[in-house]
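Chemist: If you want the building blocks of each chain, they are given just below.
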Amino acid sequence: MNLAAAATNENLASISNVLIYSAMAVYTLAFLAHLAEWAFGSRSKVGRTAAALTATVPAPAKASARTAERGGGTAVLERPKVVTRATNGSRDVPDGPGAAGGTEKGDLYGRIAISLTTLAFLIHLGGVLTRGLSVQRAPWGNMYEFSTTFGMVAVAAYLVLLALKKNVRWIGLLLTATVLLNLGVAVTWLYTDSSQLVPALHSYWLWIHVSCAIISGAFLYLGAVSTLLYLFRDRYESKLADPSGKQPGAFATSVMERLPAASSLDKFSYRVNATIFPLWTFTIIAGAIWAGEAWGRYWGWDSKEIWSFVTWVAYAAYLHARATAGWKGRKAAYLGLFAFLTYIFNYYVVNYFFSGLHSYSGV
Amino acid sequence: MTTKTDAARDADDADVGAAGSQLSTAPEEETSVSLPSLGPIGWARWFWRQLTSMRVALILLFLLSLGAIPGSLVPQTSIDPTKVEQFRADHTTLAPLYDKLGLFHVYSSVWFSAIYLLLFISLIGCIVPRTWQFVGQLRSRPPGAPRRLTRLPAYTTWRTDRAPEEVLGAAQRMLKKRRFRAHTVGDAVAAEKGYLREAGNLVFHISLIVILVAVAVGSLWKSEGGKLITEGDGFANSLTQYDNFKSGAFYDTDDLEPFGFTLKSFDASYERTGPQKGTPREFRANISYFRGADGQEHQGKIEVNHPLEIADSKIFLLSHGYAPVVEVTDGRGKKVYSGAVPFLPQDMQNYTSTGVVKVPNALTPDGKRNQLGFSGFFVPTYGGKGSGSMFSTFPALDNPRLTLTAYHGDLGVDSGLPQSVYQLEKKNLKQYKQDGRAVAQMMQPGETMKLPGGDGSIKFVGVKQWATFQVSHQPGNGLALIGAIAVLLGLAGSLFIQRRRVWVRAVPGADGVTVVEMAGLGRSESARLPEELADLAEALGPDAPQASEPAPTPTPTEPENAAKPSDSADPADPSEGARA
Ligand code: HEM
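Going line by line, the protein sequences match chains F and X. 363 is the number that the working numbering gives the last residue of the first sequence; the numbers go up by one with no jumps. 1580 is the number that the working numbering gives the last residue of the second sequence; the numbers go up by one with no jumps.
Calculated directly from the structure, the hints in this document are not laboratory data. Just so it is clear, the structure is predicted and the values come from calculations on it, not from any experiment. Here a beta-carbon is modelled for each residue, glycine too, at the ideal position from N, C-alpha and C. Careful, some of the hints might be misleading.
[As the list claims (entries may be wrong)] The calculated PhoX-like cross-link candidates involving lysine-lysine, where the alpha carbons are at most 25 Å apart (straight line), are:
hint	chain 1	residue 1	chain 2	residue 2
1	F	331	F	267
2	F	304	X	1459
3	X	1334	X	1314
4	X	1246	X	1335
5	F	166	F	105
6	X	1177	X	1193
7	X	1314	X	1301
8	F	267	X	1193
9	X	1450	X	1464
10	X	1459	X	1335
11	X	1385	X	1314
12	F	304	X	1083
13	F	304	X	1314
14	F	81	X	1176
15	X	1193	F	81
16	X	1177	F	81
17	X	1222	X	1334
18	X	1176	X	1334
19	X	1459	X	1433
[Said to hold, decoys possible] Stretches of chain X that chain F covers, calculated by requiring three or more beta carbons in the stretch to come under 8 Å of a beta carbon on chain F:
hint	region
20	1050-1060
21	1299-1308
22	1399-1410
23	1472-1483
24	1486-1496
25	1531-1544
[Said to hold, decoys possible] Negatives, chain X to chain F, calculated, CB over 10 Å:
hint	residue
26	1092
27	1106
28	1135
29	1153
30	1162
31	1196
32	1250
33	1346
34	1382
35	1384
36	1424
37	1431
Put together the whole structure using the sequences plus the hints.
Modeler: Here it is in structure tokens:
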């Protein structure tokens, strides 16, 4: 190996650090802008959910029938309107209006927050790239590098969904908060100077296996956030649906009524989890192939392998629950959260505290 | 709500339920678990039906995921037996309990095996009927349109001047062109697409069994041997040459393939600066090898991620260390030992190592039997003395030192009992002492330590490296890989393909203008269904253009159902209907 060629470029490494700190600063601004969005939005009076759920007089047909249409008004002639209705078994409640609550000021802050998040993401991306360039390898050799990349991919996933015009703006506040937390943990506890890899990590499987693991985790995170909010929103809706029972407080109402309907949140998390499950499956298979190359066995119940297996089986259980009458809804959601917790446990706790062949946390 | 509308709604629901029937092969869900009243056969049937239900599959999956966890929290015999011993010593009350629960070998314990065996029995009991059902579905045609298309998840309608038969004919052609399976029943076209979803789901579940079989084959027929080799030494693949050897129940040691290799040299490099100073950067074993009984010699190398493949075996590089080269001269001045002695690293970071030298055929100056034993420390980079013994500050050979103390007497090697080559059996040995203090010396390469009483000397000549290799033969790997690829393909088909039905109905309206209705139903909730229905309606447009007057607004729902917070146990829920 040519040590000179692979030598750490200290300069790039310190640029990377500056970029990561700058990204944190901009994420903080984005977080504050999202807070402002929620604050201004709270002044609007939405109240649509309550109306839809408690209406004793049946709502007019159009209230429960949403119209899917592409291409705008001119297409109406050639393209008939398609009326959709929720399948029985889910409440037919419209989505909330979003954090801004339909207020102009809230919306303005929301847009500022998204612009700032985009800017922070670009800086963050620069930080990860320069880190990789400084060592001329994939920037995934230790926990600091995993964490910074993980946060970056989570934001990227969010921005991609936004660009695809998916209804995900409600994640913004929680996302910026957790990415800040994630980067904070990375720079304070996980920081490791850039350096070369231990021999076990010299393999193109590093690129394949680790990148898939990071992408899976980032999306599973979005799914888990949505699942969590689903649980809250579902409780809120069932309280409203039963006017004789205990009603949600003013603050809960203000937050909850602006979120998408429980059924939308539930669907979103199902779609994200189901879409990413094959990738997670592939991550484990790729890891097994790599383990076969590096250690002579493709599966050996190493701590890391155990927890990947636990996560995989837990998500399989979640997918089964979604297809099983009587397990849909809250029970499936608890399973989904459990599955995500095992992923996080595998990441932070196993890397940090367990010894095993996968001991490359670098801390 | 009056009884009458309730009855009407139930009829509608049943209608929609029938439209969704056979959209999947998932087992029926029994909403209430009714206990059988029959004898043993009734019970057996009941038990089987429970075991192969989705609910039990899901509970078993969850248990499997919980059950795998203790293996990461409690040390496992198969992974680190010394840690298990340590745990037994530290937790005298807990350890017997853990032993009873099989917690030191979770993955071969009775309860863990029970979970996955039940799961796989359930899986087989689930796959077989589902496969038959699927074959049946492939042969049959999608069911006719429900009476009220408005009750389906996606719906559209418009009016056209074309005759109903014309519209239906065009619809059937259009759907077939889009690879729907379509036929006309009565006044409507029924079409279905996405059978691959079910095929994918079956392939996925069957592949799980393939992987389980591959794992079983692998563990029954595998063999795995470890061998430590010092630079310059060689190895031939036979049972006696291994330091340790494990094989599966069905492995026949006569099957060991004839090959061998010599470790010519070992290259190791380490980070020299920075906070990660000392972490390994590269390990490479340069070898020459042969295959067959008297095969030709080839040159090769083995690195950490790059095993060498010889025939059906793979040779992996596992670890490395140092072997000081020493020469021992006995009391009569005869060279009685010369060679490299592997020392085992005590500290994997900087390779402070310990080891022993055994010299069984040494004599005293007057020709008496006087077996010699040496034990001591080796450091590749001398960093001073800690609490008594020296320690190393860097893993590379920068400033090597060997410290030895000497013993004489009976090594115990003639007793025939197996003995560790890394430890001295000190029972019948006496330590060399001078002035009441043990004789010990720290040496640099080239230096010599003299034994008291003219009993001879030991010279530290130089240092070689050793490496440990693992030779594994793992059948079933290929099968596991095939299973894994099929799992992925099946999963992709199962999760990304939508199975859905579309109905197109065309009937003459009251004023003679044809009313076209289209509706779609998917196996699971999908955002794409309405999109697709709109696409299909658009494609049908040229053959059924909208009548000039504006179509009446669709009235998709009856008022009494509009905001019905219905319960999920509704037996005729369209998505449940898929299974009903
Ligand atoms: C070895 C354990 C099993 C694993 C890891 C597993 C995994 C999965 C996964 C990941 C899915 C999601 C794919 C999809 O939704 O189409 C799925 C679906 C399904 N599984 Fe399993 N499964 C197992 C055992 C079983 C058993 C024992 C049954 C039978 C009771 C079963 C029946 C089904 C059915 C019917 C679906 C389709 C659900 C749907 O169409 O939404 N599985 N399974």
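Chemist: So, for every hint listed, does it hold in this structure?
Modeler: Cross-check of the supplied hints:
1. As the CA atoms of residue 331 of chain F and residue 267 of chain F are separated by approximately 14 Å, the hinted pair is consistent with the 25 Å bound.
2. Restraint check for residue 304 of chain F and residue 1459 of chain X: the C-alpha separation of about 46 Å exceeds 25 Å, so the hint is violated.
3. A distance of roughly 43 Å separates the Cα atoms of residue 1334 of chain X and residue 1314 of chain X; the hinted pair therefore is violated under the 25 Å criterion.
4. A distance of roughly 38 Å separates the Cα atoms of residue 1246 of chain X and residue 1335 of chain X; the hinted pair therefore is violated under the 25 Å criterion.
5. This hinted pair checks out: residue 166 of chain F and residue 105 of chain F have alpha carbons roughly 22 Å apart, not beyond 25 Å.
6. The straight-line distance between the Cα atoms of residue 1177 of chain X and residue 1193 of chain X is roughly 12 Å, inside the 25 Å bound, and the hint therefore holds.
7. As the CA atoms of residue 1314 of chain X and residue 1301 of chain X are separated by approximately 13 Å, the hinted pair is consistent with the 25 Å bound.
8. For the hint linking residue 267 of chain F to residue 1193 of chain X, the alpha-carbon distance of about 22 Å falls within 25 Å, and the restraint holds.
9. Of the supplied pair hints, the one linking residue 1450 of chain X and residue 1464 of chain X holds, its CA atoms being roughly 23 Å apart against a limit of 25 Å.
10. For the hint pairing residue 1459 of chain X with residue 1335 of chain X, the CA-to-CA distance comes to about 11 Å; that is within 25 Å, so the pair holds.
11. The suggested pairing of residue 1385 of chain X with residue 1314 of chain X is violated, with an alpha-carbon distance near 42 Å, which exceeds 25 Å.
12. Of the pairs offered as hints, the one joining residue 304 of chain F and residue 1083 of chain X holds, with about 18 Å between alpha carbons and a cut-off of 25 Å not exceeded.
13. A hinted pair counts as satisfied when its Cα atoms are at most 25 Å apart, and residue 304 of chain F with residue 1314 of chain X qualifies at roughly 24 Å.
14. Our distance criterion of 25 Å between C-alpha atoms is met by residue 81 of chain F and residue 1176 of chain X, whose separation comes to about 23 Å.
15. Taken as a hint, the residue 1193 of chain X and residue 81 of chain F pair is honoured in the structure, with Cα atoms around 22 Å apart against an allowance of 25 Å.
16. Simply put, residue 1177 of chain X and residue 81 of chain F have alpha-carbon atoms about 23 Å apart, close enough for the 25 Å limit, and the pair holds.
17. Our distance criterion of 25 Å between C-alpha atoms is broken by residue 1222 of chain X and residue 1334 of chain X, whose separation comes to about 47 Å.
18. As the CA atoms of residue 1176 of chain X and residue 1334 of chain X are separated by approximately 96 Å, the hinted pair breaks the 25 Å bound.
19. Distance hint between residue 1459 of chain X and residue 1433 of chain X is fulfilled; the C-alpha atoms sit about 19 Å from each other, no more than 25 Å.
20. Check on the region 1050-1060 of chain X: 4 of its residues sit with their Cβ under 8 Å from a Cβ of chain F, so the three-residue criterion for coverage holds.
21. Counting residues of the region 1299-1308 of chain X whose CB lies closer than 8 Å to any CB of chain F gives 5, so the stated coverage by that chain holds, three being the minimum.
22. Counting residues of the region 1399-1410 of chain X whose beta carbon lies closer than 8 Å to any beta carbon of chain F gives 0, which falls below the threshold of three, so the coverage claim is violated.
23. Taking a C-beta to C-beta cut-off of 8 Å, the region 1472-1483 of chain X contributes 5 residues in contact with chain F, enough for the three needed, and the coverage statement holds.
24. For the region 1486-1496 of chain X, the stated coverage by chain F is satisfied: 6 residues place a CB nearer than 8 Å to a CB of that chain, which reaches the threshold of 3.
25. Only residues whose beta carbon comes within less than 8 Å of a beta carbon in chain F count, and the region 1531-1544 of chain X has 6; three or more means the coverage holds.
26. Look at residue 1092 of chain X: its CB is around 23 Å from the nearest CB on chain F, clear of 10 Å, so calling it non-interface holds up.
27. The claim that residue 1106 of chain X lies off the interface is violated: its Cβ sits roughly 8 Å from the closest Cβ of chain F, which falls inside the 10 Å cut-off.
28. Every C-beta of chain F lies more than 10 Å from that of residue 1135 of chain X, the closest at about 21 Å, which supports listing it as non-interface.
29. Some Cβ of chain F comes within 10 Å of the Cβ of residue 1153 of chain X; the nearest lies about 6 Å off, and the non-interface call is violated.
30. Residue-level check passed: residue 1162 of chain X sits 15 Å from the nearest beta carbon of chain F, beyond 10 Å.
31. At roughly 15 Å, the least C-beta separation between residue 1196 of chain X and chain F is larger than 10 Å, which holds for a residue marked as non-interface.
32. Every CB of chain F lies more than 10 Å from the CB of residue 1250 of chain X, the least distance being 18 Å, so the non-interface label holds.
33. Remark: the non-interface label on residue 1346 of chain X is consistent with the geometry, its nearest Cβ contact in chain F lying 16 Å away (cut-off 10 Å).
34. For residue 1382 of chain X, the non-interface assignment is confirmed: its Cβ lies about 24 Å from the closest Cβ of chain F, beyond the 10 Å cut-off.
35. Here residue 1384 of chain X stays apart from chain F, with its beta-carbon at least about 26 Å from theirs, past the 10 Å limit.
36. At roughly 30 Å, the least C-beta separation between residue 1424 of chain X and chain F is larger than 10 Å, which holds for a residue marked as non-interface.
37. Here residue 1431 of chain X stays apart from chain F, with its beta-carbon at least about 36 Å from theirs, past the 10 Å limit.
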